[in-house]
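Required output: the full structure, derived from the provided sequences and hints.
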Amino acid sequence: MNSHASTVDLPAAVPAQRIHAGPAPYSNPYLAGIGLGLVLLAAFVFVGRGLGASGAASAVVAFGLNAVAPEHAQSREWFAGYLGGGFHPLKEWLVFEVLGLFTGAWISGLLARRVLVSVEKGPRVSKGVRLAMAFLGGALMAIGAALGRGCTSGQALTGGSLLNLGSWAFMLMVFAGAYGLASFVRWQWR
Amino acid sequence: MMAPFLKYGLFNEEVSLVVAFVIGIGFGFALERAGFGSARKLVSQFYLDDMAVFKVMFTAIVTAMLGVTYLSWIGVLDLSLVYLTPTYLVPQLVGGVVLGAGFVVGGYCPGTSIAAAATGRIDGLVAVAGVGFGTLVFAEAYPLVKSFMNSTAMGPQTIPQYFNLPYGLVVFGVVLMAIGGFVGAGWVERRVRAK
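If you read the sequences in order, they're chains V and S.
Be aware that the first sequence starts at 332, since it is given in my numbering, and climbs by one per residue.
Be aware that the second sequence starts at 767, since it is given in my numbering, and climbs by one per residue.
Just so you know, these hints were derived from the structure itself, not from any lab.
Where a beta carbon is used, it is the ideal one built from N, C-alpha and C, also for glycine.
Among the clues, some could well be false.
[What the hints assert, rightly or not] Each computed DSSO-like pair below joins lysine-lysine, with the alpha-carbon atoms no more than 30 Å apart:
no.: 1; chain 1: V; residue 1: K452; chain 2: S; residue 2: K807
no.: 2; chain 1: S; residue 1: K912; chain 2: V; residue 2: K458
no.: 3; chain 1: S; residue 1: K912; chain 2: V; residue 2: K452
no.: 4; chain 1: S; residue 1: K807; chain 2: S; residue 2: K961
no.: 5; chain 1: V; residue 1: K458; chain 2: S; residue 2: K961
[To be verified] These stretches of chain S come out as covered by chain V in the derived footprint (C-beta under 8 Å, 3 or more residues):
no.: 6; stretch: 785-799
no.: 7; stretch: 833-839
no.: 8; stretch: 887-894
no.: 9; stretch: 899-910
no.: 10; stretch: 939-947
no.: 11; stretch: 952-960
[To be verified] Pair by pair, the computed Cβ-Cβ distance ranges are:
no.: 12; chain 1: S; residue 1: Y774; chain 2: V; residue 2: G395; range: 33 to 41 Å
no.: 13; chain 1: S; residue 1: G775; chain 2: V; residue 2: R444; range: 39 to 47 Å
no.: 14; chain 1: V; residue 1: E402; chain 2: S; residue 2: F914; range: 20 to 28 Å
Following this line, the structure appears as structure tokens:
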């Protein structure tokens with residue numbers, strides 16, 4: 332899609348497909364799922380914990396706020412676990428894991444020619460509206476993940492595979508919440 | 767028993783951060799391969815024409831669940847040393863609804879927003895900023911919701927424990943449910959796409 336090369340004046344020996352190669356198709360979902368499951372299993376076997384994402388955001392925000400407004404940050408009870416008592420390997424662990432997540436997604440995107448600076452949106456909304464919705468959605472996710480003590484990674488995937496009762500309850504409600512609201516925000520996507 | 771390796775002292779906490787980075791690379795790679803760096807791909811789950819979210823998630827859950835069950839059954843992995851987030855039933859039900867709403871509004875969940883940002887999606891980057899903002903808001907509001915968040919505390923709780931069912935039976939049930947779900951998802955996709 333991002334290639335505007337023309338094949339008109341190229342030697343016949345050069346395969347036109349290569350020149351025109353746009354983003355590669357996504358993997359088969361079951362293969363990708365097996366890969367994701369094996370990564371999760373490796374986390375259990377190596378460190379005795381699963382994957383996560385939202386916890387890293389809490390840690391980074393706590394550290395960040397502590398850097399600019401230490402008194403305020405330290406008076407917020409929600410951040411106490413990230414700031415009190417020095418070293419918290421369990422929480423730092425997630426920060427490193429998320430740095431890896433970013434790197435791994437970037438490598439995969441590069442290999443498949445899917446790294447592209449762009450705004451993903453439906454055909455009927457402006458970029459500005461889409462970005463405002465992305466911000467609002469992000470804020471809602473953070474609040475949901477805080478209330479649920481984890482997100483789609485830390486609860487649904489990790490707890491799901493450990494048959495964690497609360498994780499299954501959380502996961503069912505994620506689908507319920509998204510399906511319940513889907514028709515109201517259809518204009519954004521379709 | 768020899769796993770989890772960290773708990774059995776095969777490496778220390780500092781090395782575990784390197785392990786975290788490597789595992790994270792696998793995590794991000796798998797998410798991006800599946801197409802989960804794309805908001806439109808992700809939300810298609812909720813408009814029923816592409817159920818990849820369900821297929822990938824449940825394949826991953828079944829894969830890891832079978833792996834954990836097998837490794838603990840042959841005595842390699844001590845499941846009691848694998849961290850289980852305690853259940854707080856009602857706050858988790860509410861949190862799930864709010865996260866689901868955020869998912870369809872923003873187009874991502876927290877992990878996939880990072881995968882999207884990594885592959886150049888500005889909306890993904892903005893969603894990550896939104897997560898940061900939401901975290902700040904939650905930290906301010908925490909005193910108001912603290913008692914709610916600690917309500918219906920049930921401790922670390924698995925489905926087999928709670929319903930007093932054999933572990934293997936629940937594993938088998940989840941596998942059957944997933945297979946049924948995959949068949950159903952394919953059927954729904956075909957019907958919605960045909961319209």
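Review point. Against the structure shown, which of the earlier numbered hints fail to hold, in ascending order?
Key: Numbers 2, 3, 10, 11 - these are the hints that the structure violates, sorted from lowest upward.
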